[in-house]
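Generate the whole structure from the sequences, applying the supplied hints.
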Amino acid sequence: MASLGLSVVRIGEFAWSRLEPARGGYQLDWLARAVDTLAENGLKVVLGTPTATPPKWLVDEMPGMLPVGSNGQVRGFGSRRHYCFSHLGYRAECERIVTQLARRFGEHPAVTAWQIDNEYGCHDTALSWSNAARDGFRDWLAQKYQSTEALNRAWGNVFWSMEYRSFDEIELPASAVTEVNPAHMMDFRRYSARQVADFNRLQADILRSHSPGRDIIHNFMGRTLSFDHFALGRDIDVASWDSYPLGFLEDRSDASDERRKKYLRAGDPDFQAFHHDLYRAVGNGRWWVMEQQPGPVNWAQHNPAPRDGMIRLWTWEAIAHGAEAVSYFRWRQAPFAQEQMHSGLLMPDGGKAPGFAEADRVAGEIAALGELPQTGTADVAIVFDYPSAWAWEIQPHGREFDYFRLVFDFYRGLRKLGLSVDFVSAEKPDIGGYRLVLVPGLFAWNDELLAALESHAGIVVTGPRSGSKTLDFRIPDALPPSLPTNILDLRVLRVESLRDGCPVAVPGQGAFKFWFEHAVTGALAKASAVCENGMPAIVRQKDFVYLCGWPDDQVIDSMLRSFAGELDLEICPMSGGVRMRERGDLTFLFNYGDVTAGIGEIAKQADGGGCELLLGDRRLEPSGISIIRRRKRTPPG
Amino acid sequence: MASLGLSVVRIGEFAWSRLEPARGGYQLDWLARAVDTLAENGLKVVLGTPTATPPKWLVDEMPGMLPVGSNGQVRGFGSRRHYCFSHLGYRAECERIVTQLARRFGEHPAVTAWQIDNEYGCHDTALSWSNAARDGFRDWLAQKYQSTEALNRAWGNVFWSMEYRSFDEIELPASAVTEVNPAHMMDFRRYSARQVADFNRLQADILRSHSPGRDIIHNFMGRTLSFDHFALGRDIDVASWDSYPLGFLEDRSDASDERRKKYLRAGDPDFQAFHHDLYRAVGNGRWWVMEQQPGPVNWAQHNPAPRDGMIRLWTWEAIAHGAEAVSYFRWRQAPFAQEQMHSGLLMPDGGKAPGFAEADRVAGEIAALGELPQTGTADVAIVFDYPSAWAWEIQPHGREFDYFRLVFDFYRGLRKLGLSVDFVSAEKPDIGGYRLVLVPGLFAWNDELLAALESHAGIVVTGPRSGSKTLDFRIPDALPPSLPTNILDLRVLRVESLRDGCPVAVPGQGAFKFWFEHAVTGALAKASAVCENGMPAIVRQKDFVYLCGWPDDQVIDSMLRSFAGELDLEICPMSGGVRMRERGDLTFLFNYGDVTAGIGEIAKQADGGGCELLLGDRRLEPSGISIIRRRKRTPPG
Amino acid sequence: MASLGLSVVRIGEFAWSRLEPARGGYQLDWLARAVDTLAENGLKVVLGTPTATPPKWLVDEMPGMLPVGSNGQVRGFGSRRHYCFSHLGYRAECERIVTQLARRFGEHPAVTAWQIDNEYGCHDTALSWSNAARDGFRDWLAQKYQSTEALNRAWGNVFWSMEYRSFDEIELPASAVTEVNPAHMMDFRRYSARQVADFNRLQADILRSHSPGRDIIHNFMGRTLSFDHFALGRDIDVASWDSYPLGFLEDRSDASDERRKKYLRAGDPDFQAFHHDLYRAVGNGRWWVMEQQPGPVNWAQHNPAPRDGMIRLWTWEAIAHGAEAVSYFRWRQAPFAQEQMHSGLLMPDGGKAPGFAEADRVAGEIAALGELPQTGTADVAIVFDYPSAWAWEIQPHGREFDYFRLVFDFYRGLRKLGLSVDFVSAEKPDIGGYRLVLVPGLFAWNDELLAALESHAGIVVTGPRSGSKTLDFRIPDALPPSLPTNILDLRVLRVESLRDGCPVAVPGQGAFKFWFEHAVTGALAKASAVCENGMPAIVRQKDFVYLCGWPDDQVIDSMLRSFAGELDLEICPMSGGVRMRERGDLTFLFNYGDVTAGIGEIAKQADGGGCELLLGDRRLEPSGISIIRRRKRTPPG
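Sequence lines, in order, name chains A, B and C. The numbering used here puts the first residue of the first sequence at 112, with every later residue one more than the last. The numbering used here puts the first residue of the second sequence at 112, with every later residue one more than the last. The numbering used here puts the first residue of the third sequence at 112, with every later residue one more than the last.
Just so you know, the hints here were simulated from the structure itself, not pulled from any lab data. You may find that some hints are simply not true.
No copy is singled out in the list; a pair is fine if it fits within one copy or between any two copies.
What the hints assert, rightly or not - Straight-line distance between alpha carbons at most 25 Å, and here's what the computed SDA-like set of lysine to any residue pairs gives:
(1) Lys255 to Glu482
(2) Lys372 to Pro507
(3) Lys653 to His567
(4) Lys373 to Asn644
(5) Lys373 to Asp611
(6) Lys373 to Gly645
(7) Lys653 to Leu590
(8) Lys372 to Gly135
(9) Lys373 to Gly619
(10) Lys653 to Ser258
Right, dumping it as structure tokens:
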């Protein structure tokens, strides 16, 4: 490990049955030996808390801790994540084991950080339909609403005679005859997300108290929106995520079949970048890749091998977006159990796996490059909001409406123009520094965000569907997008969800797909683009813009080019699978495609600034990387 | 409402939690005020009984009333229709609340009608797999068969050792290792349908006794075949149905993708007409549209907006088929709960929704047209039978075989030739007045129908699969179609179900798809068309016809043209999305298509008769309507 | 029956409710009358034991005997196979009823054989998730591993803290949060397969003791791999299977839509042959078709009718592969219950069904042909292994990876070259007599097989994925394919599963699909074909070959032609749907296709040997059969 150039090693994240083989019989010495061995070789350690895998004896002691599916079936022992976040007894057990670990290893000089648990929400575990969850939900509702009258009013329970007379009458929103009240489900989503945050904070507090100065980390999973990561971000020091580009393209992507084939061994060119930027926001600027795919994985419907060079490329891409560390998972392929087909840097026999050489190369390159500039602030921000993902999952209204998919479409459009992007939480909307701010599909405004948008100097793009609900999951009295007239004088009278292949054309620009809103402008707003059917497509009031539908790639591209021009944002349209990211005065270029690409325009712009090619060259082979140091941009003309 | 031209308003159909917030604490005054307010403005009221939404306190008192899915999971509180039709305790509760309402409002002068419950069978609720259903089923079987020996014989339980020794041994036909005996399932379907009818009759009797002279109505849902609507039709005065053309095309249609796109904002041109005609039969001539889609709805996989003019068109189409009333659902869009995305005539803020103007226009047009002629009797009848739908759901034999789909194919064929159609119940086969009678896919003959067909003067078309079973769900001793030789001298030796794309050609006419029967004619019958494989395609004996397969559109068209010629039925082939319907001496023309269509042939025929254009003109714009008054037809030549 | 030329009749296989209508009240006389009646007409009888359909009174006495689905739902009474193989109480009941039957009929001169139970494993019944299974599994594990330490080590339970401290802690591998340990599941599959074998042996022992000299038979179902048929083969005298060519093409085939349409009424040309050869191996040379499809069946998603002549062809094909008997199911179509749409040789009314004449014809032809030669040994063997099917079902790694599908691709390739094939059990690898031996996708080597392969004189083809695991479901220490260097000096470093449409080309030969392995050869082995990407495609060391991917039809064809040339195997490439099979000195030719085919090359070869056409002629009509007697082949040149 040391000779490969690794500096940090994560261990222990699933080891409860070895740390405490029987209640109270702690056996921590073996772990101490491992930590010491690593330390002696100059390696730092991230210690994982083992709470994602409670041992069988513990489960048998308190079977009520097991999570329950929405069909009422208990989700049992035999794999991992077999616990219900709402179960207070299990929380006490976690407190106990984490305290033991923190006391023993908290001040070990080699322990540089802690990872709490592992991939919250993975395998659909953020929601549990257990008795513990039901009881906790009732208490949470009672505290939130104080009276059932208030709850009935907020949820609109008069509809279909769903009124409650006691909080103890309220069931979890599963197993009703047809769909449940979306307000009921939305509160259960909020409650459940809160349990994850509370569960995490309990461990963070223990670790912080017994292990001062160490970073507290959680490793989030890709495209996981079942709880509010920003809320956890407040309790941790570093956000990390587990980046499996090929598995994600197979199993967690909306890509067409053609696109899946094209990027089979490279991964989607924007998926990793999206998460890098998102988790930088979750971590308040500090983030890692905790698990980087080093070869084929085991869990997707198909598991191809990365194209030569992609492991290096993925690593550099994370660095470009500001990662403090990129950790490969796993070091050595385990020859047994569930993940035996998950590659490591080493093969099961200890030999070097094909990915080893790439990790080796990139480690050398990073070392050679020396200290990197700060990531800095991008010109463009996207306001991101986990509750909006819940809202549209509860009420998609059209089969294709998915919050991630919508935001990702905007993100890709920005990135295809060479723009770097930051994410901003809707609940902590620090958008002051951005010239262009996008707020697609935001469920409901909050006061801070509204205030920030109102006072924002720069273009704000909202819609479709932004502000179409109140926080109580109602249609706002003033109708969507429910903005003060002085911000946007617009009312949406009707919305349509559309099947694929039934677009609404925006002449000269492209079309809306999946979603279209029938909007009428007031005196202060004006349609800056009109649909073929005569209805507003893009509405603008000063620098505030609203999109009346789900824009296709053409609409996104033409709109962003226009705003970039207006704002003097330098764009650099990318061809094929080429992508770029700026970090301070460095520009990183990546080729996800399978043909060699020139970097002409970028190089020209760079040359104009008097630049230096730090890595790679002016032609990007497939899987190629180039790094350019450029002076401050000179505005064109 | 009054100024819009509405005359009748339906209210109260889900209000139990407000009518009786706690057991016995009736609060009817608010409803009285609403009725009075409507009355003061000249509006009549349809009062709904609230039995589709029992309140939580009632459910908690008797949880055994909840319906149970075929997987054994209880279907709980939280939406609507959370009751089991078999539960006698719940029936008593319904009796109680309905009696209260009937006593209070039964003789109110503004109350012109009652709607019992709401959309029986919606959300798959006609069948419940509860203990109440099991016990009721056992009793029903004991009464039907008197001895298990008789039941074992009827069902053929000797097969696979399924014999019973006591009625209490019989379980509901769910959760067996593989498919259950179809006779077992068929009896459970009959039993379940009977519970719906009994449940409904209980309320009808109360209302009839306390509210003399008022119409008793139920609002059926589209393409709902899970219980026998004709059976309920005997206990109500008016059948009504809930017509959502766009939602039905999305979620309840067999249309191809191409067709779904073509009629995205118009709805299938034949789906509404089919139900109008069907519910006219269910209501013994009296029927309404109780809920007419007034804009986008909330519940389909995609929810587009109606094309301009379609709300008017749909309304007129209902009138053309004889509707006594067309009621829009809903008046004002509710901003909360499950149906918050379901349009109304008013928007959530009380402003006029886009559909308002169309309702306004059609109300004026109807008023201007004055009294309409009686609907009269069509030339063509289709014999319809709910138990046949159950039978082929139980034993489709080929994946595509669906009773509704088969009948709908024939209906569309008739309608594309401009023919008006009546439906006739197979159990009350008044077919005397019809020149052409179609009996496609009828499960089993009954004596009345056989007698009616035998004595019928006119062409009778049966098959495929008609008469292929006995009422006990057996293959008839004489082999299908099991008709007396003097009616049809034909035996089916084999049937084939075929995958899509594997047709059996009928040269010169088209092909059979999905289903083909190997039939041999006796001395009295003759194949009037022969398949490419040499086997009979269409068999005829005097005026009795049998189809040896599922005809594609071409076979249906050529066959119907031929019979129409023979019977001197005037046909008027429709182009694209144009359709027509006659009501007395009026011909209504509708354009569901998206291109303007001439009505040349129709107008020519009309001119020949010396006619008058009452509404619209000779060119039908998309969504256009024309109404022609014509003299009695003169036979051509 | 007798006049049709039938000689053996199977009866009684589901008759428990008639044999014992109430506990202990045996009523065997009716069955004795049936047997006597058959005997009086010269017919032999196969008596079925009725254990696939325990009667309701028995189930009610011991409801714990019911099988349980993996979702925990009890699979109840009402069809068939409603018992759990692990339930010892039910086994005792089976012992009781079988003993009664065996005592009464065991020495009846007309009883020539017994069929035990019916279609083990059908309707997914080999696995049951009952308490009985759980308890049995724990005992079985305890006996296998002796200590939980050993089990934990073997399974790798240290992973994810899955370690057990007592065998009673181990649950059935269902309902975990995400996938369970494959080793856990593999042992449950082994345990479950063992229960089937034990259940069967219990009856075999009783019958053998009370009915000496009679053949003990079970009728297996097509493409059923859920238990080890070879294991049962050790306890029975004759293997039989139930051959439904059209139903299998519809429901149990990987064929493309195009292929399904092409062979709609003929069945897949290789599916029956595959099973004939497989069950000949299971029966140690002795096998029957116990149920031959005689017309349309009832159970597939589509149920077309066999093309004229196919029932005769299917019958002859079985004879060609060495069947001792071909029994049609059923004699007369039952007009009631679940299989009322399943054709028989007679129609429900007793008339002759269309298939009757074909059975009649083939019976005459067989009689005319006289005694047939022994089937003999083929030149080619495929090593087949049921546990491998379980392993890849547990861990497909790529969605398309299915053991049967893989083996079937090789089988079809052989058959399209006119080669006859034998199957050999991996656990009893008598491969001495074969010139070409294929071992595709074998999960794990065993010592006997390795020894046999090592000493084999002839070409051995292994891979893909062969030997990629140990018997403990681990990756072998030496990496796959884990062969001694002297057999194959090759290591697989990485595997990829690929989505359809993403092949890895093997220039000049075709491509790999679905699966590709990155292999490196050692000094002793050599890539005889290389992929476009430069990696080994086919690796060879002396006569030992390894395939580094799932070969498409082209690769299979070119490889087999090459090996056949090398080995002097005479090939005879088949066009379209023509197939051949040798039995002794006879060559049988079949035309599954729908165009007439010449048999030129075969006839020429035959002529060269001085041959005789025993049946049919030199042109094969669709459904045609020709039989040629040939002298011993003369090697070409």
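Can you give me the call for Lys373 and Asp611, within, between, both or neither, at a CA distance of at most 25 Å?
-> Intra 22 Å, inter 13 Å, cutoff 25 Å: intra and inter.
Give the relationship of Lys653 and His567 under a CA distance limit of 25 Å: within one copy only, between copies only, both, or neither.
-> Intra 11 Å, inter 76 Å, cutoff 25 Å: intra-copy only.
Copy assignment of Lys653 with Leu590, given that the CA separation must stay at most 25 Å = Result: close within a single copy only, 21 Å intra versus 66 Å inter.
Please work out whether the CA atoms of Lys653 and Ser258 approach to 25 Å or closer within one copy, between two copies, in both situations, or in neither?
-> Answer is neither: 44 Å inside a copy and 76 Å across each miss the 25 Å cutoff.
Which holds for Lys255 with Glu482 at a C-alpha limit of 25 Å: within a copy, between copies, both or neither?
-> neither (49 Å within a copy, 58 Å between copies)
What label fits Lys373 with Gly619 when the C-alpha limit is 25 Å: within, between, both, or neither?
-> between (29 Å within a copy, 24 Å between copies)
Is it within, between, both or neither when you check Lys372 against Gly135 at 25 Å Cα-Cα?
-> neither (52 Å within a copy, 65 Å between copies)
Intra- versus inter-copy proximity for Pro507 and Lys372 (alpha-carbon distance at most 25 Å) = between (28 Å within a copy, 20 Å between copies)
Under a CA distance limit of 25 Å, which applies to Lys373 and Gly645: within one copy, between copies, both, or neither?
-> between (38 Å within a copy, 20 Å between copies)
Same-copy or cross-copy closeness of Lys373 to Asn644 [CA-CA at most 25 Å] = Between copies only: 16 Å across chains, 36 Å inside a chain, cut-off 25 Å.
Checked against the numbered hints above, the structure violates hints 1, 8 and 10; every other hint is satisfied.
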